[in-house]
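Asker: Add chain D to chain R, keeping to what the hints say.
Number of protein chains: 2
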Amino acid sequence: MNAIEAIMTRKSVRSFKEQKVTDEQLEQIILAGTRAPSGMANEPWRFAIVKEDNVKSRIAKLTKHTKVLESADALICLFMDTEVGYDVVKDANTMGACAENMLLAAHAMGLGAVWIAEIRKNKEQVAIECSVDPERYDMMVVMPVGYSDESPEPTPRKRTLDEVIISRK
Amino acid sequence: MNAIEAIMTRKSVRSFKEQKVTDEQLEQIILAGTRAPSGMANEPWRFAIVKEDNVKSRIAKLTKHTKVLESADALICLFMDTEVGYDVVKDANTMGACAENMLLAAHAMGLGAVWIAEIRKNKEQVAIECSVDPERYDMMVVMPVGYSDESPEPTPRKRTLDEVIISRK
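Those protein sequence lines, which keep their order, are chains R and D. Under the working numbering, the letters of the first sequence match residues 1 to 169, in that order. Under the working numbering, the letters of the second sequence match residues 1 to 169, in that order.
Check before you lean on any hint, since a few could be wrong.
[Claimed, not checked] Lysine-lysine pairs mimicking DSS-like chemistry, simulated, CA-CA at most 27 Å apart:
hint: 1; chain 1: R; residue 1: Lys169; chain 2: D; residue 2: Lys56
hint: 2; chain 1: R; residue 1: Lys169; chain 2: D; residue 2: Lys158
hint: 3; chain 1: D; residue 1: Lys51; chain 2: D; residue 2: Lys17
hint: 4; chain 1: D; residue 1: Lys11; chain 2: D; residue 2: Lys158
hint: 5; chain 1: R; residue 1: Lys169; chain 2: D; residue 2: Lys51
hint: 6; chain 1: R; residue 1: Lys51; chain 2: R; residue 2: Lys121
hint: 7; chain 1: R; residue 1: Lys169; chain 2: R; residue 2: Lys121
hint: 8; chain 1: R; residue 1: Lys67; chain 2: R; residue 2: Lys56
hint: 9; chain 1: D; residue 1: Lys121; chain 2: D; residue 2: Lys64
hint: 10; chain 1: R; residue 1: Lys121; chain 2: R; residue 2: Lys67
hint: 11; chain 1: D; residue 1: Lys20; chain 2: D; residue 2: Lys67
hint: 12; chain 1: D; residue 1: Lys121; chain 2: R; residue 2: Lys169
hint: 13; chain 1: D; residue 1: Lys169; chain 2: R; residue 2: Lys17
hint: 14; chain 1: D; residue 1: Lys67; chain 2: D; residue 2: Lys56
hint: 15; chain 1: D; residue 1: Lys20; chain 2: R; residue 2: Lys169
hint: 16; chain 1: D; residue 1: Lys158; chain 2: D; residue 2: Lys169
hint: 17; chain 1: R; residue 1: Lys51; chain 2: D; residue 2: Lys169
hint: 18; chain 1: R; residue 1: Lys20; chain 2: D; residue 2: Lys169
hint: 19; chain 1: R; residue 1: Lys56; chain 2: R; residue 2: Lys17
hint: 20; chain 1: R; residue 1: Lys169; chain 2: D; residue 2: Lys61
hint: 21; chain 1: R; residue 1: Lys158; chain 2: R; residue 2: Lys11
hint: 22; chain 1: R; residue 1: Lys11; chain 2: D; residue 2: Lys158
hint: 23; chain 1: R; residue 1: Lys121; chain 2: D; residue 2: Lys169
hint: 24; chain 1: D; residue 1: Lys64; chain 2: R; residue 2: Lys169
hint: 25; chain 1: D; residue 1: Lys169; chain 2: R; residue 2: Lys64
hint: 26; chain 1: D; residue 1: Lys169; chain 2: R; residue 2: Lys67
hint: 27; chain 1: D; residue 1: Lys61; chain 2: D; residue 2: Lys51
hint: 28; chain 1: R; residue 1: Lys158; chain 2: R; residue 2: Lys64
hint: 29; chain 1: D; residue 1: Lys121; chain 2: D; residue 2: Lys169
hint: 30; chain 1: D; residue 1: Lys20; chain 2: D; residue 2: Lys56
hint: 31; chain 1: R; residue 1: Lys61; chain 2: D; residue 2: Lys169
hint: 32; chain 1: D; residue 1: Lys169; chain 2: R; residue 2: Lys56
hint: 33; chain 1: R; residue 1: Lys169; chain 2: D; residue 2: Lys67
Think of the hints as simulated: they come from the structure by calculation, not from any bench.
With the rest of the complex left out, here is chain R:
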């Protein structure tokens, strides 16, 4: 898939088929995430892959989007390593860039994914379910991944380009 087409047609997918995703696919998505730029080149991204049904179910109960997580074949949990982080906003920018690369890679590979941030209200419990130190690893996003069971139409944006370009010099 062409890069611009991938960016323009990507959409958040919240319902998945039962078809399995492979470890190789998940690792390709994560590798794409690591190609994001990072402030001070600190590469603060860390990942947990969750495929076991019992762990997935427990994490699913930590968000109001339970069915989305349960429907996906796998979850990738994105953590920011606070031992290398240096700035709340800049590290969060970096993690967002990483997550976007992952969403685009999944889309280009014929998979669907969505970025769940509401689960941050229970970020420590997500870390514990992944057996990582919740003090060190700040859980930013849980990304369910699978084969899309939705319409492929991307969601329209609320604002036109003229509305978001607020200055020209």
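Answerer: Here is chain D on its own, set in the frame of chain R:
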């Protein structure tokens, strides 16, 4: 350019040729940015396009990366509209996803770009140079855009996939 190839070969470009970029190219890059997902679908991204040499020079002096900004034909300044923002980390994640789409689009279009965050130390002054309200618009990133005058080799990452995948369940 293929989407995965774009993600894997994108690099930060800090030196540019004198060749001009068009408004259409800059608007295509911004449009790509607006295709990022956003928390609560708040679409908090706002953009300023800077092409005038005198404004570009004054903004360039607000960062230690003066020569990078001066070398680029245009700057796109990314602002987060605090009137629609709802969470410091989640909005910064969203803005990072927006910026990554822009970097990828520029790369896929044969252009080079880089994300300058260090200039946030003078974010109010950047807003004033763009004639936007520094109280309302939180300047996150300045992105110089132009035709690359650098080696096309992407920067290797410090950590292997095994080092960043910290858990498998």
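Asker: Look at each hint and say if it fits the structure.
Answerer: Against the structure, the hints:
1. R:Lys169 to D:Lys56: Holds - the C-alpha atoms of lysine 56 of chain D and lysine 169 of chain R are around 9 Å apart, at most 27 Å.
2. R:Lys169 to D:Lys158: violated (38 Å)
3. D:Lys51 to D:Lys17: holds (15 Å)
4. D:Lys11 to D:Lys158: holds (15 Å)
5. R:Lys169 to D:Lys51: holds (6 Å)
6. R:Lys51 to R:Lys121: holds (22 Å)
7. R:Lys169 to R:Lys121: violated (41 Å)
8. R:Lys67 to R:Lys56: Holds, at about 11 Å.
9. D:Lys121 to D:Lys64: holds (11 Å)
10. R:Lys121 to R:Lys67: Distance of about 17 Å is within 27 Å: holds.
11. D:Lys20 to D:Lys67: Between lysine 20 of chain D and lysine 67 of chain D the Cα gap is close to 17 Å, so the pair holds against 27 Å.
12. D:Lys121 to R:Lys169: holds (22 Å)
13. D:Lys169 to R:Lys17: Status holds; Cα separation ~21 Å.
14. D:Lys67 to D:Lys56: holds (11 Å)
15. D:Lys20 to R:Lys169: Roughly 15 Å separates the two Cα atoms, so the pair holds.
16. D:Lys158 to D:Lys169: holds (25 Å)
17. R:Lys51 to D:Lys169: holds (6 Å)
18. R:Lys20 to D:Lys169: holds (15 Å)
19. R:Lys56 to R:Lys17: Status holds; Cα separation ~16 Å.
20. R:Lys169 to D:Lys61: The hint holds at about 17 Å.
21. R:Lys158 to R:Lys11: With a Cα-Cα distance of about 15 Å, the restraint between lysine 158 of chain R and lysine 11 of chain R holds, given a limit of 27 Å.
22. R:Lys11 to D:Lys158: Cα-Cα ~31 Å, so violated.
23. R:Lys121 to D:Lys169: holds (22 Å)
24. D:Lys64 to R:Lys169: Holds: lysine 64 of chain D and lysine 169 of chain R sit about 22 Å apart, inside 27 Å.
25. D:Lys169 to R:Lys64: holds (22 Å)
26. D:Lys169 to R:Lys67: holds (19 Å)
27. D:Lys61 to D:Lys51: Holds, at about 15 Å.
28. R:Lys158 to R:Lys64: holds (24 Å)
29. D:Lys121 to D:Lys169: violated (41 Å)
30. D:Lys20 to D:Lys56: The hint holds at about 14 Å.
31. R:Lys61 to D:Lys169: holds (17 Å)
32. D:Lys169 to R:Lys56: holds (9 Å)
33. R:Lys169 to D:Lys67: holds (19 Å)
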